[in-house]
Amino acid sequence: NAGVTQTPKFQVLKTGQSMTLQCAQDMNHEYMSWYRQDPGMGLRLIHYSVGAGITDQGEVPNGYNVSRSTTEDFPLRLLSAAPSQTSVYFCASTKSVPSGANVLTFGAGSRLTVL
Amino acid sequence: KQEVTQIPAALSVPEGENLVLNCSFTDSAIYNLQWFRQDPGKGLTSLLLIQSSQREQTSGRLNASLDKSSGRSTLYIAASQPGDSATYLCAGGGGATNKLIFGTGTLLAVQP
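Chains as they are written, first to last, in my numbering: chain P, 1 to 115; chain A, 1 to 112.
Simulated from the structure, these hints should not be mistaken for lab results.
Errors might be hidden in some of the hints.
[Stated by the list, open to error] List of simulated lysine-lysine pairs, DSSO-like, C-alpha gap at most 27 Å:
{"hint": "1", "chain 1": "P", "residue 1": "Lys-95", "chain 2": "P", "residue 2": "Lys-14"}
{"hint": "2", "chain 1": "P", "residue 1": "Lys-9", "chain 2": "A", "residue 2": "Lys-1"}
{"hint": "3", "chain 1": "P", "residue 1": "Lys-14", "chain 2": "A", "residue 2": "Lys-1"}
{"hint": "4", "chain 1": "P", "residue 1": "Lys-95", "chain 2": "A", "residue 2": "Lys-1"}
{"hint": "5", "chain 1": "A", "residue 1": "Lys-1", "chain 2": "A", "residue 2": "Lys-68"}
{"hint": "6", "chain 1": "P", "residue 1": "Lys-9", "chain 2": "A", "residue 2": "Lys-68"}
{"hint": "7", "chain 1": "A", "residue 1": "Lys-42", "chain 2": "P", "residue 2": "Lys-14"}
[Said to hold, decoys possible] Listed next, the stretches of chain A that the computed footprint assigns to chain P, with coverage defined by at least 3 CB atoms under 8 Å from CB atoms of chain P:
{"hint": "8", "stretch": "70 to 79"}
{"hint": "9", "stretch": "101 to 109"}
Beta carbons: idealized from backbone N, C-alpha and C, even for Gly.
Given the sequences, and given the hints that come with them, work out the whole structure.
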């Protein structure tokens with residue numbers, strides 16, 4: 001089925017380790033984004049991209065890097081994981097930008113624990 | 001800066017009851033207002049989207065309204081069922097900022 005695919009679903013890291021959360025969509029969506037969800041904080045935007053080669057920061061970008069080399073993929077990199085990055089991460093995409101009639105489609109999430 | 005608030009944080013109702021979930025936002029210059037459902041351990045599923053030029057949208061037993069002048073949106077669920085139990089989130093923004101801001105959600109429990 002078409003949609004947004006995130007891998008891995010679960011990951012445990014030690015402080016200082018690096019890793020990449022993968023996100024891929026097969027709907028030819030131009031807009032892709034990463035959110036983190038923490039109890040009592042709601043979903044907060046980390047980074048987003050309005051097309052291949054274009055990325056921008058959201059509300060909480062520190063400690064995360066992104067790139068967008070293709071329309072389909074939008075990986076999120078943690079260069080040196082910290083316990084404060086323990087969270088559930090969601091990738092979401094939409095046709096162009098999240099306005100008008102463009103509905104965000106979410107992946108199933110990646111649960112990250114940093115010890 | 002857009003801020004989105006949802007009240008109440010949790011709600012428990014008996015099956016069959018009609019209910020209203022509230023969402024308020026601070027910046028009336030939103031491009032759309034979206035309502036999502038999230039089941040435990042799952043991603044978000046879009047329920048309804050109201051564009052800034054619209055006042056309401058309906059899908060089955062769900063009706064969402066948008067009042068930009070008061071900075072409020074409501075999600076009305078008719079004849080609630082146990083299967084409606086989930087967390088409901090609203091999100092506003094988008095447009096030139098490309099940033100959709102989420103509320104913290106309302107955890108709904110429908111008791112059989």
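Here is how each hint holds up against the structure:
no. : hint                 : verdict
1   : P:Lys-95 to P:Lys-14 : violated, 36 Å
2   : P:Lys-9 to A:Lys-1   : violated, 32 Å
3   : P:Lys-14 to A:Lys-1  : violated, 35 Å
4   : P:Lys-95 to A:Lys-1  : holds, 24 Å
5   : A:Lys-1 to A:Lys-68  : holds, 16 Å
6   : P:Lys-9 to A:Lys-68  : violated, 38 Å
7   : A:Lys-42 to P:Lys-14 : holds, 25 Å
8   : 70 to 79             : violated (count 0)
9   : 101 to 109           : holds (count 5)
In terms of the numbered hints stated before, the structure departs from hints 1, 2, 3, 6, 8, listed from lowest to highest.
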